[in-house]
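Residue-level listing of the chains:
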Amino acid sequence: MSRALAIVRANWLTALSYRLETMFQFLGLFVMVVPLYFVSHALQPMMASTIKAEAPEYFGFLIVGWIALSFVNTAVTGLHGALSGEISTGSFEALLSTPTSLPALLAGLIGHALTMNVIRAVAIVSFATLFGLHIVWSSAITGVGILFLILLAYLPFGIVAAALVLGFRTTGPFPTLIFTGSALLGGVYYPTQVIPSWLAQLSVLVPLRYGLKSLRRTWLDGAPLSASFADLGVLIGMILVGFALSILAFTLALRYSKRAGTLAQY
Amino acid sequence: MPTTIDRIAHPVSGPAPGRTRVAVSVKHLSKRFRVRRPFIETLRHPFEQKYMQALNDVNVDVHEGEFFGFLGANGAGKTTLFKTLATLVSPDQGTVVVDGFDVTTHAADVRRVLTPVIADERSLRWRLSARENLRLYAVLYGLPARKVAARVDEVLEIVGLDPADDKLAGRFSSGMRQRLLIGRALIPQPRILLLDEPTRSLDPVSARTLRAFLRDEVCKRLGCTILLATHTSEEAFELCDRVAILNHGQPLAIGPTDKLQLEFGEDHYLLWTRTADHPAFDMLARRGVTGEAVIRGIDDEGWVRMEMAIPGGPDTAAAALQQFVQQGVSVARFERLELSLGELIQRVITRKVGGRSE
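Protein chains in written order, with my numbering: chain A, 1 to 266; chain B, 1 to 358.
It is worth saying that the hints were derived from the structure and are not from the lab. Worth double-checking, as some hints may not be accurate.
As the list claims (entries may be wrong) - Not close to chain A: a few residues of chain B, all C-beta gaps over 12 Å, as computed:
1. T84
2. T115
3. A119
4. R208
5. F237
6. T316
To be verified - What follows is a list of derived Cβ distance ranges for each label pair:
7. L245/A / R208/B: 51 to 57 Å
8. E197/B / L245/A: 53 to 59 Å
9. N74/B / G28/A: 21 to 27 Å
10. L16/A / E157/B: 26 to 32 Å
Every residue, glycine too, gets a C-beta built ideally from N, C-alpha and C.
Next up, chain A with everything else stripped away, as it sits in the complex (with noise of 0.2 Å):
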């Protein structure tokens, strides 16, 4: 966990000393809220009905929308992003020739990433609160614990990544295809419902579709876990048979470089 911290903290204080660029950053993320309350007030009226299973308005689901697949961005890109950033500068041989464990390694490489959405996801919130988005805070913790499900259940999709980068330096359309997937079947802009029935036969298949239901539903509604229980245990089972599958791909990539000796090459 302490190797983990200190990547983490090292990437930290990286980052920390491009100042405007970190400025610039938070900058951003407030001029991104004002045209999305500007849009979801002039659609109000029109999604309203579509969406009242989930939200009472329009802008808090799309910015519980937007948060959720920020996550989901982080999870899918931020590990093979990372990877790939310390393999091209040569400090990853640096990294592995240390008695880390991989999963400390990865845990780190991510971490700052991770951390930085958590607070953009603040930001965007306290923002937003600013503009009268309506959270229900007595179920912010729940809502919290349903976003981590979230992040668990896409981190195999980046694990994948980072197998494929290890294997063979590059991923491939594999996280664009998970990440737009989610963008547009998750419900990330509009509710599943209104999705095409041969299209949402497939959406069954994406995990944000089950996690953001719930997460709405607690954060807009202010509705109980319970009434969220159906949905976050099929998330749940998609984490578990997702880690299972990716630990193999990252193990079978790992014991493939290093057969190769292409484990350390740029």
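Starting from the known structure of chain A, arrange chain B on it as the hints suggest.
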């Protein structure tokens, strides 16, 4: 009596004088890599595979406290051997034991006792200070939290970066960065250090300083066993107790550099004369006393440096010199030729495998 060549023909190197405990033991190590084929060829013969033999039955023992060099042309197998020792490449055959731990079955233990100095400066975190760079690796090497700061201070002092400890690594000179890279590897107090061409990006003065630092501080004072891959004569001849000359993944000769010089370079001499066109040179060459004399250079005063082979050792060389003088050749200087690293490697390869090198 067995010569050095006889000894080095044996698969396992003998112990260095005065040393007994083996720090690194490599036995029958082989490794081959699949060669990437052109797309068209892959389409024509999809199931055919081509391989490149990176290491071929390597046997070498490095002893505790030894400064051991690996020499050879590019692609000779030095880096693959180092990556295998650092547990980054898994061997196909053979065993590699580092301080009693097998690299395949006890990789984490190996990484506790052996650290590679990654010579690539980019592997440092340029936006962090020297102190922060070392601090990160102190934690990654598992130092207890209470000891981290003290160890970082200690290493900064060892590598002479204590006055610049809070300066960003990106603002360091190349020499300072090399020191920081070595400092990073010294953090866990390793018993064995791997150095892959550590001075390749340094100017001659910085390289000399670094060599002195490695010899006096790291090897002698700290007692590290050092394995060094190098193309530089100074590093091989000044630093290494013993060297192994690799070719196509196979060690062809192992031994102290001075002995290898004697073994492979004893028959070459340099004679300084002002009468380079004297018939005695041809006459002695025809009689087989010397090889053909080759002009190596002329100085401002007109002295010509002539290189020639004189087989048979120092006595034969002395007799040949006497004959040159008797014939009236003016001789200002006569010396046994020190081989350059490239010549030494080439001669070893020529003698052992008939000149086949990459």
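Structure-based check of all given hints:
no.: 1; hint: T84; in the structure: 9 Å, violated
no.: 2; hint: T115; in the structure: 6 Å, violated
no.: 3; hint: A119; in the structure: 9 Å, violated
no.: 4; hint: R208; in the structure: 25 Å, holds
no.: 5; hint: F237; in the structure: 28 Å, holds
no.: 6; hint: T316; in the structure: 48 Å, holds
no.: 7; hint: L245/A / R208/B: 51 to 57 Å; in the structure: 55 Å, holds
no.: 8; hint: E197/B / L245/A: 53 to 59 Å; in the structure: 41 Å, violated
no.: 9; hint: N74/B / G28/A: 21 to 27 Å; in the structure: 47 Å, violated
no.: 10; hint: L16/A / E157/B: 26 to 32 Å; in the structure: 28 Å, holds
Of the numbered hints listed earlier, those contradicted by the structure are 1, 2, 3, 8 and 9.
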